[in-house]
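*Asks:* Here's the letter readout for the chains.
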Amino acid sequence: MESRRDVFQAIADPTRRAILTLLAVQALTPGAIADNFKSSRQTISKHIRILAECELLKPEQNGREIYYHINANKMTEVAGFIEPFRKLWDDRFNKLETIMKTYKTKK
Amino acid sequence: MEQKTKINAEDGRQELVITREFDLPLELLFKAYVEPDIVEQWMGTKVLKLESKKHGGYQFETTDPKGNKHGFNGVIHEFSPNQKITRTFEMEHTRFGVQLEFLEFAKLTDDTSKLTMHIVYRSVALRDQMLQIGMAQGMNLAHNRLQAMVGKLK
Chain A
1 MESRRDVFQA IADPTRRAIL TLLAVQALTP GAIADNFKSS RQTISKHIRI LAECELLKPE
61 QNGREIYYHI NANKMTEVAG FIEPFRKLWD DRFNKLETIM KTYKTKK
Chain B
1001 MEQKTKINAE DGRQELVITR EFDLPLELLF KAYVEPDIVE QWMGTKVLKL ESKKHGGYQF
1061 ETTDPKGNKH GFNGVIHEFS PNQKITRTFE MEHTRFGVQL EFLEFAKLTD DTSKLTMHIV
1121 YRSVALRDQM LQIGMAQGMN LAHNRLQAMV GKLK
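Line by line, the protein sequences give chains A and B.
Quick note: the first sequence uses our numbering, first residue 1, plus one each step.
Quick note: the second sequence uses our numbering, first residue 1001, plus one each step.
Don't read these hints as lab results, they were simulated from the structure.
Note that the Cβ used here is the ideal one computed from N, Cα and C, for glycine as well.
Take the hints with a grain of salt, since some may be wrong.
Just some of the chain B residues that point at chain A, by a computed CB distance under 10 Å [said to hold, decoys possible]: (1) Ile1007; (2) Arg1020; (3) Lys1031; (4) Glu1035; (5) Pro1036; (6) Leu1115; (7) His1118; (8) Leu1131.
Calculated lysine-lysine pairs in the PhoX-like style (CA-CA distance at most 25 Å, straight line) [stated by the list, open to error]: (9) B:Lys1049 to A:Lys95; (10) A:Lys38 to B:Lys1084; (11) A:Lys74 to A:Lys58; (12) B:Lys1069 to A:Lys101.
Can you make the complete structure from the sequences, with help from the hints?
*Replies:* Here it is as structure tokens:
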């Protein structure tokens, strides 16, 4: 349970959630991750370390560089695999429905 | 309350199915996929090109809060008004590659309709990665719910 709580604490931070969002698209080096934020490299390194410690991120050695990518299995455990994806589409479709209802009344 | 949008993604398969019932007549639902200015509104993207016909293509471009532009494009294989759109979809400059989408539109009543979106990915791994993107984007939304769960664990 202890490590599980750490996972929730890990994603409670907006910067760490932003890092996860970045890495969902592609694996990046710590430097490349830091380039996306105004915070110092040390601050970002600390966030990366916390995410890696609770296994949300996995490091992968590629030559001299370390790339971090998202650990899918751990993410599944935290958020439920489908729900956010479903919510994304649900929001879009709700918007579509609202727009078309106005469209209908305008005619 | 029953969910209006449903996702069916079975383990170990390279496809998923999204279904949604709309409080809209079929014609209006279909129009939302055809009219560029309407697509722009609900998809939250800029429509650079949208040729709604067989052998047509489309190109979308979204700008993220940092000002980076992200391109999406595809070609249309089949276009039957108020019935069916078969198309490809690709996020440009990513490693996800192309996916195949079968969109089926059906009339339920005069005022309601249903969309079935069947998406096929190149591999199981790619499908799961696409779900992860949703997960990361949805994480901010899901966070409140998670916080409530954490409260219970403590």
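*Asks:* Could you run down the list of hints and mark each one as holding or not?
*Replies:* The hints, checked one at a time:
no.: 1; hint: Ile1007; result: holds (5 Å)
no.: 2; hint: Arg1020; result: holds (5 Å)
no.: 3; hint: Lys1031; result: holds (7 Å)
no.: 4; hint: Glu1035; result: holds (9 Å)
no.: 5; hint: Pro1036; result: violated (13 Å)
no.: 6; hint: Leu1115; result: holds (8 Å)
no.: 7; hint: His1118; result: violated (13 Å)
no.: 8; hint: Leu1131; result: holds (5 Å)
no.: 9; hint: B:Lys1049 to A:Lys95; result: holds (21 Å)
no.: 10; hint: A:Lys38 to B:Lys1084; result: violated (46 Å)
no.: 11; hint: A:Lys74 to A:Lys58; result: holds (10 Å)
no.: 12; hint: B:Lys1069 to A:Lys101; result: violated (30 Å)
Against the hints set out earlier in the document, violations occur for numbers 5, 7, 10, 12.
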